[in-house]
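Need the complex rebuilt from these two chains, each delivered in its own frame; the hints are there to steer you.
Chain residues, written in single-letter form:
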Amino acid sequence: MNNNNVIEAQDLTKMFGDFTAVNAISFEVKKGEIFGFLGANGAGKTTAMKMLIGISKPTAGKAKVAGFDVYKQAEDIKKNIGYMSQKFALYDDLTVKENITFFGGIYGLSRKRIKEKSKLLIKELGLEEVENQLVGSLPLGWKQKLSFSVSLLHDPKIVFLDEPTGGVDPITRRQFWEMIYKAASEGTTVFVTTHYMDEAEYCDRVSIMVNGKIEALDTPKNLKQQFNVANMNDVFLKLARG
Amino acid sequence: MKTILYIIQKEFKQIFRNKGMLPIIFVLPLLQLVILSNAATFEVKNIKFGYIDNDHTSTSRALVEKFNASTYFNVLTDFPSETLASSAMLKGEVDVLLQIPHYFERDLQKEKHNNLGVIINAIDGAAAGVENVYVTQIVQRFNQNIKVELLQVSDQQVQPAVIETIPLFWYNKTLNYKTFMVPGILVLLVTMITLFLSGMNIVREKEIGTLEQINVTPIKKSQFIIGKLFPFWVIGMGLLTVGLILAKVIFNVPMLGSLPLMYLYTSIYILVILGIGLFISNFTDTQQQAMFIAWFFTVIFILMSGLFTPIESMPKWAQTLTEFNPIRYFVEVMRMVMLKGSGFNDILPQLLKTALYAFVMNGLAVWSYKKTT
Ligand SMILES: Nc1ncnc2c1ncn2[C@@H]1O[C@H](COP(=O)(O)OP(=O)(O)OP(=O)(O)O)[C@@H](O)[C@H]1O
Ligand SMILES: [Mg+2]
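Sequences listed follow chains A and B, in order.
Going left to right, the first sequence walks through residues 1 to 242 as UniProt numbering numbers them.
Going left to right, the second sequence walks through residues 1 to 373 as UniProt numbering numbers them.
Excised from the complex, chain B in its bound form (with noise of 0.2 Å):
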């Protein structure tokens, strides 16, 4: 134990010594949340409207007037039937379709509530997303009691489940991109951060030299590595805490979960992370070599995150590979915890197999490294 503190202080030492890394440690990953929080918006404009109006109520006029005063929407046609409309949207004239059903007025009345029925062109996965947004936006506006089913995507390679993703839009009211975009972002500067100096770390002791005279004295791996990379893992954290400070102050993005439960996660999700950067700083000789593998990692890993592209508009085979990406979990676990307020047994899932993951990260790391080669 006395051992590990030794490291630790070492560890911090050097850290805060380094003026050259200490702001590509907190100030890049700062200005990489503010820059890419307000430029990767999904924001969609000019959607191509078209509607089928089986009821021709004022009820139903009222709806699709709706559409026509909001700025996202150009409503376009009235069509007469569903062939028509189809061989529209076939065309790509019409990008999404809403079936308005017989006594749509009638039912809701008498029954308090009632389905419409959409139909979106889903080539563009992340457009038809926040297209369904919008649609449920106008119609939950309307009225309250209408629920909005999904009938069909034009797009037969895609899914329909596409759509799924969205109920994570459901509780970002205001439809405020950077809201959406901050937690996911931040997931991004904890895992690239912590990735990047934990990697790295333990490289640039081989390449210098010193990792060898730690390999001659009789310290145990396990109390070199927790040593190690205990204090990446409070870098981590403190980036966290930074970052939600900032998500609070700049972006005004609300935490409607619990706070302890983020710090929960994170701080086994840090572990995930640590233990991939110490598995590939045993695989690799110089600090180049970590910082390839660790980007390749990356990557990867953020555009299979659903961060950027839904994880359900995927082919399935990525889909399956979504299921071994940490980030994955993490960006699930920041948007319901803090844009929905999910609670313990919520996310639950992703902590077990977080856990699962560092357990087993850390496990290879630990056998990996060897003091003699």
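Excised from the complex, chain A in its bound form (with noise of 0.2 Å):
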């Protein structure tokens, strides 16, 4: 593995019965990167990207994440990154705060670390006057926001995000890349699906994956060029259309 990458995908496929969710992608995630997952609804974003965090068993091809192999050391990548799913996972009848306690509980920090970084990260998303009540009475743009910093709690080196901005407001959204942005300068590597071709231009390098195979991979200066069109929406169109 070069000492680079973090991300190594060969050929990496998974089958639900004789159903090509994902079709032998291979690709690579240099460290510190913001590397963009593009496709359109069903393309199998989110199961290429279940794979590389340990918890689907590719049907073939090979992966390593932060150096670890996903079929047998998939407890180790777990050590190592973050993960906000495209679906909300907290706990919706715990408070802000008793979210950030359990899941800093079981990556295992201390209780002091865990007290430091919830009064860190409640200041930082500004929610102290929220911190005690249910997240399920939160804003959804609130609750994401709150989602991805839990995901941050254990500093992993790679941190996944799915569709992390779906149905939040463009203000939030914005927000939602500082967020990123400052991660990603902090040394964290970014992993993030987008349906929004705006956040598109915001990556490093983004793929563009149709029916379960990449079929472009680049920066997005590159691509626009390439496809000759003006905007990450246009080389979208273009390529999912076919």
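Please note that a few of the clues may not be correct.
Said to hold, decoys possible - Distance windows between CB atoms, simulated:
no., chain 1, residue 1, chain 2, residue 2, range
1, B, K2, A, L120, 18 to 28 Å
2, B, I250, A, D169, 54 to 64 Å
3, A, S137, B, L30, 30 to 40 Å
4, B, F359, A, T59, 31 to 41 Å
5, B, V234, A, D218, 54 to 64 Å
Simulated from the structure, these hints should not be mistaken for lab results.
Bear in mind the structure is a predicted one, so any value in this text is a computation, not a measurement.
The beta carbon of each residue, even a glycine, is placed where N, CA and C say it ideally should be.
Here's what the structure looks like:
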């Protein structure tokens, strides 16, 4: 493995029965990169991501994440990654603080560290007023930002974000991307899926998946050049229409 | 270890925050205890009673008179011979036949004890059991030294052994059905609540997606499972406690045996149930599915537990099946300890089988729980 690559996938494949959800994808993600993982609904983004984070066994192919093999060292991978699922997955019936404490706890952070982290995080997110409210009562945008922060609690090397800004208003989306940039600037690799093409422009490199295959992979600038269009939206449309 | 504590803490918070769930956990089962204990009685009245008096002494007549005086028995006939008596039973004219042997009075005086034969129509196994108790009670009250010996049961398909369940009744001298039923119903209560709660709990996390979030953490399977199940173990023990208190306060059920023994057994028993719950949740994706499967097993387990139908009156294959029924052991132990005052050695077989069961179920459950699918 190249020292600079934190994710390496080679012909990674996932089949459900005889349906191929992810079809032999190969790519690398460099340390500190913001890697956009684009694709239409059902293209196989979530499925691919689940193999990389060690909760879904690939059908074929190879992949290493943070230097660990997805087949044999899934639990080691888990120590080094954060994950924010497409479906909101904090506990609605726990408060902001309790959620932070719980996830900090199961990642093995010390009590003291959890206290510090949770104070800092609540302050950064401006959630002081609602820190003792149930998460279920918060607006979606707040929940998503909290969820992202929680996935970073244990200072993972790579964070996987599956449509983190789905259904979120433009202002919050902007704030969210500021958070992503901040994490990246601190050395965290960000692997993110999105359906917003303006967000794709913010990524260092993007891949575009169509029907389980990666059809294009480059910097947004190069992709636009390659397809001879003005924005990522058109790149996406050209590819996705086939 | 610390990780487990975080899970336990979270679990308790969620349980006690769920306002819709709390009454279901504590109020419903207790209502169930009160209602079922009162409704599920085995009382049998107007028993058609016949006898064959081979002795014709004042003692034998006095004994028959006792049956006559009982509100449960309608004394029917003095049959001159066994053949006549048997054919009457065959026609359903008699439910219970008492055989008083020759020299009944003489032997009783001389040898200080004696045996009496009873034949019971056991087409209705449960009723037969009760009838046998009545007979035994009346005879024993008449004379402590007479032993009732069940000769045969008229229904050929039912083994005479039917009546062996009855020793349980023996220890319930007042023949109070509530006393008999309450421990059994307490078993149901502890079982159902812990099974449903534990089975649905993990599936619920699957449904809302938090289980996936847990699975991407480096938490160990065993840590997660212990943390998840422990709160329900505590709830199960809590239910036992509340149930025992109610049994004492409302029904005045005696607690003849040792309370710590009861708790020891229950603490292991609940592990079995939690293992089953977890196992179910591993193979289901929604709470509905889990609920249905849990119901399926509960109904079978309850019906085959010996709580309502004596195990001995079941066909052989069904009896064999009950060996795999944890509820059966719990019902037995509960009745033995509470009503008979059985000790550690008496319930050791049940205890060992339950422990083995707990081991196997939890092993299967942990094995089938997959962080990576
Ligand atoms: N467990 C599963 N069993 C069978 N098919 C599945 C399973 N999970 C996903 N699929 C199928 O695999 C394909 C890819 O799904 P996936 O969720 O990876 O798409 P996606 O790119 O994340 O889409 P979206 O943008 O809608 O989130 C879809 O056709 C989906 O129906
Ligand atoms: Mg998806």
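T59/A and F359/B - C-beta distance against the hinted 31 to 41 Å:
At roughly 35 Å between Cβ atoms, T59/A and F359/B fall inside 31 to 41 Å, so the hint holds.
For V234/B and D218/A, compare the CB-CB distance with the range 54 to 64 Å and indicate the outcome.
Roughly 57 Å apart at Cβ, these two residues keep to the hinted range, so it holds.
Outcome for the supplied range 54 to 64 Å, where the beta carbon pair is I250/B and D169/A:
For D169/A against I250/B, whose Cβ atoms are near 58 Å apart, the range 54 to 64 Å holds.
Outcome of range test on Cβ distance (S137/A, L30/B; 30 to 40 Å):
Since the Cβ atoms of S137/A and L30/B sit about 32 Å apart, the hinted range of 30 to 40 Å holds.
With respect to the beta-carbon atoms only, verify the hint that K2/B and L120/A lie 18 to 28 Å apart.
Since the Cβ atoms of K2/B and L120/A sit about 21 Å apart, the hinted range of 18 to 28 Å holds.
Checked against the numbered hints given earlier, the structure satisfies every one of them.
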